[in-house]
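Chemist: Listed here are the chains, written in short residue letters.
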Amino acid sequence: MVATVMSAAEPKAARRKAWLTNVNAWLLLLPAVVLLATFTHYPILATLYHSFFSLGRGGASHFVGLENYIYMLDDDVFRQVLRNNIVFALATVPTSIALALLMAVWVDKKMAGRSFLRLAFFTPTVLPMIAVANIWLFFYTPDYGLLDQFLKSLGFSGHNWLGDPSTVMSCLAVMVVWKEAGFFMIFYLAALQTIPPELKEAAAVEGASRWYFFRRVTLPLLMPTTLFISINALINSFKLVDQLVIMTKGGPNNASSLLLYYIYEVAFTFQDTTYAATLTVTLIAILAAVALTKFVYLDRRIHYQ
Amino acid sequence: MKFKTKTLLTAGLMTVMSLSASVAHAVDLTMYYPVAVGGPVTKVIDDMVQRFQKENPDIKVEAVYAGNYTDTMTKAMTAMKGGQPPQLSVLFSTDLFTLMDEQAIVPIDEIAGADGKEWLNSFYPAFMENGRVEGKTWSVPFQRSTIVLYYNKDAFKEAGLDPEKPPTTWAEMVEISKKLVKKDASGNVTRWGVEIPSTGYGYWMLQALAIENGQKLMNEAGNKVSFNAPKTVEALQYWVDLAAKEGVMPKGAVEWGTLRADFLEGKTAMMWHTTGNLTAVKEGAKFNFGVAMLPAKERRGSPTGGGNFYVFKSASPEQQKAAVTFIKWMTAPERAAEWSIKTGYVAVTPAAYETEAMKTYVKDFPQAVVARDQLQHAVAELSVHENGRIYKIMNDAVQAAVTGTQTPQEALDSAQKQSERVLSRYK
Amino acid sequence: MRQNGHSVETIVAWALALLWLLPLAYSLWSAFHPSEYATRFDLTASLTLDNFARAWRQAPFARYYVNTLMLVSLVLACQLVIATLAAYAFARFRFFGRDVLFALVLVQLMIMPDVLIVENYRVIGALNLLDTIPAIALPYIASAFGIFLLRQTFKSVPNELVEAARVEGASSLGVLWRVFVPLGKPTYIAFGLVSVSYHWNNFLWPLIVTNSVESRPLTVGLAVFGAPETGVDWSVITAATVMTMAPLLLAFLLFQRQFVQSFMRAGIR
Chain A
1 MVATVMSAAE PKAARRKAWL TNVNAWLLLL PAVVLLATFT HYPILATLYH
51 SFFSLGRGGA SHFVGLENYI YMLDDDVFRQ VLRNNIVFAL ATVPTSIALA
101 LLMAVWVDKK MAGRSFLRLA FFTPTVLPMI AVANIWLFFY TPDYGLLDQF
151 LKSLGFSGHN WLGDPSTVMS CLAVMVVWKE AGFFMIFYLA ALQTIPPELK
201 EAAAVEGASR WYFFRRVTLP LLMPTTLFIS INALINSFKL VDQLVIMTKG
251 GPNNASSLLL YYIYEVAFTF QDTTYAATLT VTLIAILAAV ALTKFVYLDR
301 RIHYQ
Chain B
1 MKFKTKTLLT AGLMTVMSLS ASVAHAVDLT MYYPVAVGGP VTKVIDDMVQ
51 RFQKENPDIK VEAVYAGNYT DTMTKAMTAM KGGQPPQLSV LFSTDLFTLM
101 DEQAIVPIDE IAGADGKEWL NSFYPAFMEN GRVEGKTWSV PFQRSTIVLY
151 YNKDAFKEAG LDPEKPPTTW AEMVEISKKL VKKDASGNVT RWGVEIPSTG
201 YGYWMLQALA IENGQKLMNE AGNKVSFNAP KTVEALQYWV DLAAKEGVMP
251 KGAVEWGTLR ADFLEGKTAM MWHTTGNLTA VKEGAKFNFG VAMLPAKERR
301 GSPTGGGNFY VFKSASPEQQ KAAVTFIKWM TAPERAAEWS IKTGYVAVTP
351 AAYETEAMKT YVKDFPQAVV ARDQLQHAVA ELSVHENGRI YKIMNDAVQA
401 AVTGTQTPQE ALDSAQKQSE RVLSRYK
Chain C
1 MRQNGHSVET IVAWALALLW LLPLAYSLWS AFHPSEYATR FDLTASLTLD
51 NFARAWRQAP FARYYVNTLM LVSLVLACQL VIATLAAYAF ARFRFFGRDV
101 LFALVLVQLM IMPDVLIVEN YRVIGALNLL DTIPAIALPY IASAFGIFLL
151 RQTFKSVPNE LVEAARVEGA SSLGVLWRVF VPLGKPTYIA FGLVSVSYHW
201 NNFLWPLIVT NSVESRPLTV GLAVFGAPET GVDWSVITAA TVMTMAPLLL
251 AFLLFQRQFV QSFMRAGIR
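Residue numbers (our numbering), protein chains in the order written: chain A, 1 to 305; chain B, 1 to 427; chain C, 1 to 269.
Each hint should be verified, as a subset may be incorrect.
Here are the simulated BS3-like cross-link-like pairs (lysine-lysine), alpha carbons at most 25 Å apart as the crow flies [said to hold, decoys possible]:
{"hint": "1", "chain 1": "B", "residue 1": "Lys417", "chain 2": "B", "residue 2": "Lys231"}
{"hint": "2", "chain 1": "A", "residue 1": "Lys17", "chain 2": "C", "residue 2": "Lys155"}
{"hint": "3", "chain 1": "B", "residue 1": "Lys286", "chain 2": "B", "residue 2": "Lys363"}
{"hint": "4", "chain 1": "B", "residue 1": "Lys251", "chain 2": "B", "residue 2": "Lys178"}
{"hint": "5", "chain 1": "B", "residue 1": "Lys342", "chain 2": "B", "residue 2": "Lys286"}
{"hint": "6", "chain 1": "B", "residue 1": "Lys117", "chain 2": "B", "residue 2": "Lys313"}
{"hint": "7", "chain 1": "A", "residue 1": "Lys152", "chain 2": "B", "residue 2": "Lys245"}
{"hint": "8", "chain 1": "B", "residue 1": "Lys427", "chain 2": "B", "residue 2": "Lys417"}
{"hint": "9", "chain 1": "A", "residue 1": "Lys152", "chain 2": "B", "residue 2": "Lys182"}
{"hint": "10", "chain 1": "B", "residue 1": "Lys342", "chain 2": "B", "residue 2": "Lys153"}
{"hint": "11", "chain 1": "B", "residue 1": "Lys224", "chain 2": "B", "residue 2": "Lys427"}
{"hint": "12", "chain 1": "B", "residue 1": "Lys179", "chain 2": "A", "residue 2": "Lys152"}
{"hint": "13", "chain 1": "A", "residue 1": "Lys152", "chain 2": "B", "residue 2": "Lys178"}
{"hint": "14", "chain 1": "B", "residue 1": "Lys54", "chain 2": "B", "residue 2": "Lys43"}
{"hint": "15", "chain 1": "A", "residue 1": "Lys294", "chain 2": "C", "residue 2": "Lys155"}
{"hint": "16", "chain 1": "A", "residue 1": "Lys239", "chain 2": "A", "residue 2": "Lys152"}
{"hint": "17", "chain 1": "B", "residue 1": "Lys231", "chain 2": "B", "residue 2": "Lys251"}
{"hint": "18", "chain 1": "B", "residue 1": "Lys286", "chain 2": "B", "residue 2": "Lys182"}
{"hint": "19", "chain 1": "B", "residue 1": "Lys182", "chain 2": "B", "residue 2": "Lys165"}
{"hint": "20", "chain 1": "A", "residue 1": "Lys152", "chain 2": "B", "residue 2": "Lys313"}
{"hint": "21", "chain 1": "B", "residue 1": "Lys321", "chain 2": "B", "residue 2": "Lys81"}
{"hint": "22", "chain 1": "A", "residue 1": "Lys152", "chain 2": "B", "residue 2": "Lys251"}
None of these hints come from the bench; they were simulated from the model.
Let the hints inform the model, and build the full structure from the sequences given.
Modeler: Next comes the structure, spelled out in structure tokens:
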């Protein structure tokens with residue numbers, strides 16, 4: 001008897017409970033959803049929308065289809081900043097990853113003064129990029145900057161590091177590697193500590209050399225971390241432009257300009273917001289491609305702990 | 001419906017606010033201004049604003065330093081688009097067309113009232129050139145300049161040159177520069193002959209060279225430029241050759257910001273720079289230095305430069321009146337003289353040079369009037385629609401040429417093509 | 001032989017570490033010495049605080065400090081509350097649209113507010129918030145990263161603890177407050193440190209939305225102060241630079257282990 005009553009009431013109660021759960025969950029999520037929608041999802045869609053309109057300076061803007069995109073493809077500066085950005089990513093990402101790995105291995109070992117090493121490598125990470133740019137700007141100042149003074153004391157002649165299109169990119173890349181390597185070191189350090197010590201002992205018993213062990217055991221185990229860092233470093237290379245504001249303003253002749261900096265210039269200095277939207281769409285597309293590669297392709301192939 | 005209530009509310013609020021404002025007799029003004037030269041310029045401005053407020057207790061001015069000219073224009077435009085424009089600003093005198101296109105500003109003579117005409121006629125005409133369009137005066141000169149040649153007299157003496165005879169022609173400048181270059185034992189240059197800055201304001205320097213070569217860079221309407229005219233190319237070629245061929249200037253881009261320090265440290269014997277830097281150079285120089293007009297090719301010449309006051313359209317009529325009161329105060333002869341003495345900018349009215357303070361100053365420091373005297377040769381600075389964009393295109397071209405990425409012809413051809421594309425909308 | 005290899009490696013590591021500290025050491029050198037020594041090294045050079053005094057006088061750094069402190073605390077406080085609620089929902093509730101919603105949250109990990117400056121400026125303008133500290137904070141206070149981290153933490157909370165609290169009669173929020181939040185403490189600290197250092201250092205967005213001294217954070221203040229056009233004395237600029245980074249740097253030196261572990265925790269997924 002009791003059982004039948006229960007079974008009749010059960011679906012109803014369960015539905016009610018499910019409904020309550022839904023309401024509860026959505027209430028909990030409400031602030032986050034509203035804010036994310038306002039400051040992430042809506043702006044992404046609005047960017048796309050505005051990229052199809054004319055600027056209408058002082059007048060009404062109207063739908064122009066792909067005109068802004070055609071203008072973009074014909075824009076030498078756009079092509080240059082895109083190229084710069086790719087070069088910049090190729091220069092900074094692998095270098096900082098390699099250095100980060102080296103640093104992590106050192107700090108992970110029982111090396112003399114390892115806490116000092118860790119401190120030294122990690123410190124640049126907590127400094128503001130603006131402050132860092134100020135300091136490095138003076139390093140690179142021609143003639144009386146630190147770098148030129150050092151070179152001159154060795155008998156070399158000075159060089160206008162940031163004023164020469166052939167050196168400015170490398171100078172900025174060195175600085176960014178300096179700032180970021182310590183950050184990525186931390187991820188490697190965390191990963192290294194998860195490698196069971198027994199593995200190492202076993203390898204030692206087998207008589208494997210350190211290099212062999214590193215290459216055949218450590219490196220493969222670090223693969224997921226390496227990919228994770230690569231993605232992050234890649235994204236960073238597209239969104240970090242603070243240094244340009246201080247050091248070069250993208251010059252000389254756009255030699256050091258990056259995509260986001262160009263967007264900033266077009267949107268706020270030239271007040272051409274629709275073209276800036278068009279450029280932003282490109283940037284979003286690049287970031288989305290990176291993200292999709294990660295989610296769809298890599299996550300499936302790489303085994304995460 | 002909802003919208004209507006909101007408008008009504010806002011209107012009501014505004015009435016209340018304006019009422020209370022007129023009761024309290026305090027008008028609030030926000031002003032953005034740029035700094036492009038050395039020295040404690042922000043302090044000078046703050047100090048002047050303080051004194052103005054003491055004399056005019058019913059007006060409150062908040063002066064906001066916003067970076068260099070480009071930064072300040074960026075800030076003002078961005079704030080305006082966001083619905084919070086300043087009531088007045090000091091911006092490039094040449095941003096006029098851009099500001100008009102954005103419908104951002106109002107003509108000053110419409111607010112200045114009855115004696116406005118006389119007041120506006122008291123300025124040097126050369127400085128008014130950029131502010132008058134369509135028969136109206138849209139801006140008032142404030143921190144105005146021309147480019148001058150600073151030279152190290154001690155270095156001249158050391159090189160066996162007459163320190164009272166700075167170069168007067170392009171050819172002379174090369175010749176003298178060659179004598180001024182100093183090298184150490186291993187052949188490294190320790191002192192350059194001359195430096196012309198190519199970052200930030202490279203377009204301005206190229207303009208000076210072009211004017212001297214007899215070429216104006218833009219038309220009156222601000223919708224046509226002649227960047228790849230043969231004489232402009234020749235001007236840029238001369239500039240490039242100073243480094244590449246004559247070896248009297250460092251290769252690569254020369255920083256506007258650090259050039260003054262280079263000069264003061266004796267890294268270069270001569271520099272082209274704004275007269276706005278004069279006081280900072282005077283304070284910092286440990287050697288005798290002279291100031292001269294720029295050398296001539298076909299003629300003497302320099303573009304005018306620097307910033308004017310603009311009053312924004314969105315300001316209330318009271319604010320606009322108050323802004324003009326402030327501008328009048330800031331440009332009155334005594335203040336113009338003070339400002340010129342403290343920075344080096346050209347005082348904007350002839351009357352300022354008749355003040356006691358200025359007379360005394362000039363007597364001991366005759367360098368202070370070189371830039372003013374150069375006004376007779378000066379030409380209005382390049383001013384076109386979408387000024388910021390065109391300046392950038394020009395700067396890029398200058399930098400491409402001085403760094404050797406492109407020849408002057410290529411760089412300027414490309415600049416011309418890009419500019420025409422931008423300006424085609426304004427024909 | 002092997003021992004030798006080790007010591008060579010140690011030397012190389014140390015050399016790199018010293019090289020890594022050089023820029024910082026140099027900025028401290030020039031900030032604490034008279035400007036004649038900005039480019040010269042002389043152990044007998046006298047120490048001075050003069051550069052700091054001059055920087056402090058020349059720009060309203062006190063106000064910039066207050067602004068930055070308000071900014072980072074506002075951001076952090078909001079982020080923690082919002083992320084906690086959202087993470088709790090994702091970790092502990094089965095509800096309609098959960099997976100889609102979570103994917104939408106993750107979008108922010110890849111396309112951060114940092115790149116959406118143009119449209120976010122419009123949004124902030126429409127909200128009539130330009131040139132305020134909330135304007136700098138708003139785009140960041142729903143942090144996908146925070147939600148993600150806390151969700152992972154909350155998922156690992158044993159069911160028994162939740163049941164026990166339920167038996168005692170705690171509501172949903174009561175369980176969150178009494179069980180999940182205390183257990184999430186290490187994650188909170190980790191996220192907090194990462195967030196504070198991120199927003200202390202953030203620059204481009206604050207540069208765009210602030211117009212006045214009243215809302216500029218330290219980084220923007222420093223950039224405006226040190227613009228090369230003004231040719232401010234190099235030593236004074238470094239002094240200002242040191243001031244900007246000092247609080248974070250000191251905190252880092254004092255709680256180094258905590259910092260490193262936090263960043264490690266925040267990085268492991």
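Chemist: Would you mind marking each hint as holding or not holding in the structure?
Modeler: Hints versus structure:
With a C-alpha separation of about 17 Å, the suggested pairing of Lys417/B with Lys231/B holds against the 25 Å cut-off. Restraint check for Lys17/A and Lys155/C: the C-alpha separation of about 21 Å stays at or below 25 Å, so the hint holds. Only pairs whose Cα atoms come within 25 Å are accepted, and Lys286/B paired with Lys363/B is accepted, the gap being roughly 21 Å. At most 25 Å may separate the alpha-carbon atoms for a hinted pair to count; Lys251/B and Lys178/B meet this at roughly 15 Å.
Using a Cα cut-off of 25 Å, the hinted pair Lys342/B and Lys286/B holds, with the two alpha carbons roughly 19 Å apart. Between Lys117/B and Lys313/B, the direct Cα distance comes to roughly 20 Å. Compliance with the 25 Å bound is thereby established for this hinted pair. About 24 Å separates the Cα atoms of Lys152/A and Lys245/B, which keeps this hinted pair within 25 Å; it holds. Among the hinted pairs, Lys427/B with Lys417/B is consistent with the structure: their alpha-carbon atoms are about 15 Å apart, no more than 25 Å.
This hinted pair checks out: Lys152/A and Lys182/B have alpha carbons roughly 16 Å apart, not beyond 25 Å. Between Lys342/B and Lys153/B, the direct Cα distance comes to roughly 23 Å. Compliance with the 25 Å bound is thereby established for this hinted pair. The straight-line distance between the Cα atoms of Lys224/B and Lys427/B is roughly 8 Å, inside the 25 Å bound, and the hint therefore holds. For the suggested pair Lys179/B and Lys152/A, the alpha carbons sit about 23 Å apart, so the restraint of at most 25 Å is met.
Between the alpha carbons of Lys152/A and Lys178/B the distance comes to roughly 23 Å, so the proposed pair stays at or under 25 Å and holds. Restraint check for Lys54/B and Lys43/B: satisfied, since their Cα atoms lie roughly 17 Å apart, inside the 25 Å limit. Distance hint between Lys294/A and Lys155/C is fulfilled; the C-alpha atoms sit about 23 Å from each other, no more than 25 Å. For the proposed pair Lys239/A and Lys152/A, the alpha carbon gap of about 36 Å is over 25 Å, so the pair is violated.
In summary, the hint linking Lys231/B to Lys251/B is supported, as the alpha carbons are separated by about 23 Å, within the 25 Å threshold. With a CA separation close to 19 Å, the supplied pair Lys286/B and Lys182/B stays within the 25 Å bound. Taking the CA atoms of Lys182/B and Lys165/B, the gap is near 20 Å; set against the 25 Å cutoff, the hint holds. With a C-alpha separation of about 56 Å, the suggested pair Lys152/A and Lys313/B falls outside the 25 Å cut-off, and the hint is violated.
The hinted pair formed by Lys321/B and Lys81/B meets the criterion: a straight-line CA distance of about 23 Å does not exceed 25 Å. Restraint check for Lys152/A and Lys251/B: the C-alpha separation of about 17 Å stays at or below 25 Å, so the hint holds.
Consistency with the previously given hints fails for numbers 16, 20, ordered from lowest to highest.
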